[in-house]
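Enquirer: If you want the building blocks of each chain, they are given just below.
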Amino acid sequence: METNLLSIIIFAPLAGAAINWFLGRRLRNERFIGIVACGSVAVSTIVAFYLAFNSHGALRTEEPLFDHIWTWLSVGDFHADFALAMDRLSGTYALFITFVGFLIHVFAVGYMHGEDGFYRFFAFLNLFMFSMLTLVLGDNFVLMFVGWEGVGLCSYLLIGYYVDQKQAGDAAKKAFITNRIGDWGFVLGIMLTYFLTGSVSFFAHPAAGEGAKTALSFFKTVPVDPFTAGAIVAGGATSIAVLLFIGAAGKSAQIPLYVWLPDAMAGPTPVSALIHAATMVTAGVYMIVRCSEIFVHAPAAMFIVAIIGAATALFAATIGLAQNDIKKVLAYSTISQLGYMFLACGVGAFIAAIFHVITHAFFKALLFLGSGSVIHGMHHEQDMRKMGGLRKYMPVTFVTMCTGWLAISGIPIFAGFFSKDEILWKTWSAAGLGSFSKVLWGIGAVTALLTAIYMTRMMVMTFFGKERFHGEHAHGEHHKPHESPWLMTLPLIVLAVLSTVGGFIGVPYALANRDINVIEHTLEPAVAHVPSLAATDHTDEHSEINEERLLALVSVTIAFIGLGIGWAVFNRRPLLEMPRILENKYYVDEIYDATLIHPIESVSRQGLWKIVDVGVIDGALHALGDAVKEIGRLGRYLQAGFVRGYAAIILAGALILIGLFAWFGFPR
Amino acid sequence: MEPQLSWYLALSAVLFTIGVTGVIIKRNIIAMFMCIELMLNAVNLTFVAFASFFQDVTGQLFVFIVMTVAAAEAAVGLGIIIAIFRNRETLDVDEASILKL
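So the protein sequences, as listed, match chains A and B.
Residue numbering for the first sequence follows our numbering, beginning at 1 and increasing consecutively.
Residue numbering for the second sequence follows our numbering, beginning at 1 and increasing consecutively.
Since the hints were derived computationally from the structure, they do not count as laboratory data.
Ideal Cβ placement from N, Cα and C applies to all residues, glycine included.
Please note that a few of the clues may not be correct.
Coverage of chain A stretches by chain B, computed from C-beta distances (three or more under 8 Å per stretch; other residues unrestricted) [said to hold, decoys possible]:
id, segment
1, 633-643
2, 647-654
Restraint ranges, calculated between C-beta atoms of paired labels, are given here [claimed, not checked]:
id, chain 1, residue 1, chain 2, residue 2, range
3, B, ARG88, A, ILE649, 21 to 31 Å
4, B, THR58, A, LEU655, 19 to 29 Å
5, B, LEU78, A, ALA648, 20 to 30 Å
Bound-form chain A, shown alone:
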């Protein structure tokens, strides 16, 4: 169905960005800028909810909503229009992006109060919303890539928001360049898709007639690629899937491209919440689920995705255990949770991945905003070793963050429990992987344990125990921590409620004994199914239900054990020294420096600069200039200024000409 309302979702934030950039910078009125920024996102939110839930909304019908805005690229057979489409998957994404985005915008108005670049911040933030919604709602790969690059740009601009800090600029560059490596894979994947299928569209547009080919429907007609390493370079579905996954790994911070995300915490905290936790970093998951049709035809790629996801989850969780910066803990936690989502994608549980994306958006945005509130209350102190006992000073932040803590740890009834349990169960029961699925489940379970431990550590170090922030101010004037204004606590409260009840949209049959798994029913038509998985996916098999219940019990036990360990260890010794290797992030940055960045830098400096640029390019130019100069120096002798000399030269010229004619004859 065509509806022009879709374009409002993306263009409202764009208009907000333009107004703030051009008008806001002149007015410098925080109230005006804040209202424009939040208002434009609110418009998007309202329209998105209306389009998703009205009587023939995107989440209620099978057919997507379309909005063809303009014909963009049309070259021969190649068509990529600036057209939006909202199906069940992109609709779900649009809902939580706009809603969580709106809450974070409101929070940011409070958090950024008094900042010099207030207008700039909100212009970029709105531009980010535009890009993210374009990414999600774009109806073809190329438009998706535009949004993909747009969010990368906004991420760069916002990480480097504090332009007077070198560290922020470096982090911004690091994020941008690391993402560029991923984008390389994504672009190649798009090209290969077009090469193979002759289309870049996701959906068969009704205007194009029945049976119009799309980039995804093509794969329904081909057999599944063999599960071999050779398939990766064969140029079929597996190659596409691996290339797309490289793109996803860059954007969603998976091994080996995760290194930018912890550094990205140099940006303002609302940015970390919006871009580097709730929305942008889940774009990789969105892309993989959108292309699930390709991935289910590429078991080798799925296997890679699952392994990378599981490895990232465990790896990041162990690092998160030893960080002392409150935002760094959350950053590694985000990487770890993204690893879960990719693990889910890798075992074919695409719906579970999206479910976790949504719940993660709620509780991670909450935790980040909570940490922002703490940082705000502590007068820009981020080191947890200098906090402690804050629950007395910041009760609202404390209570709301507790729900986030319990949610991410996987305590039942909180949102994170259902999604994480779903992923673990789907991993355990993944059919295609044999006993290896049990190994993956084991990694996931250990990660869950670590998650509970490091989150408890963070909460204990921040909110419990002795106050460690006194005596820091030498000038005697104690800045007591204070609760944040309502503009900041209100979004926290809303997100806390969502983190608590948000999981109920995906309660599995095994736990509820009733079929109330809304998210699964909603997304079922939008994702592809692993052929081998679909055959065994009977929820009514009794033994399987019991197995699922048992595993749920196991993961609950794990969560409580994690909380217990965390509490027992860190409540007594909140400043416990963690292993040096974890605190230094396994020296991955140093290894990258030594093996990649330093060699590239020296090749560029010694080879490309000193030899190619200075020697060859500049050398050629200088040689040309010198030659001209030399010819001029010699030619100058002809221009002595003596008239008789000129006359002699003319005569000589004439004689030479006549001599030539005489010698060779007159040309006819």
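Fit chain B to the known structure of chain A by using the hints.
Expert: Same frame as chain A, now just chain B:
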């Protein structure tokens, strides 16, 4: 003995060569100027000689054009010579080897 075409051409060549030699070796501007006129007239002589030989009036017409141009050139040239003499108080061309004074 009837005068042949080659006689005129030989005379013209001699006059032209004298003119060229004069331009190159003379230092006096007036003398150089006269040598240029000599060269022009040597060319005029070939024109009329050929015109008579081929019984074609075009050659005669060219001579008129050359004379007109030569007259205009003489006026301009003499003007420049006077200007140079006023500025430098000499007619030696080698003294006028730079544009600036």
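Enquirer: All hints, please: hold or fail.
Expert: Each hint, compared with the structure:
| no. | hint | verdict |
| --- | --- | --- |
| 1 | 633-643 | holds (count 4) |
| 2 | 647-654 | holds (count 3) |
| 3 | B:ARG88 with A:ILE649: 21 to 31 Å | 24 Å, holds |
| 4 | B:THR58 with A:LEU655: 19 to 29 Å | 28 Å, holds |
| 5 | B:LEU78 with A:ALA648: 20 to 30 Å | 24 Å, holds |
Of the numbered hints given earlier, the model fails none.
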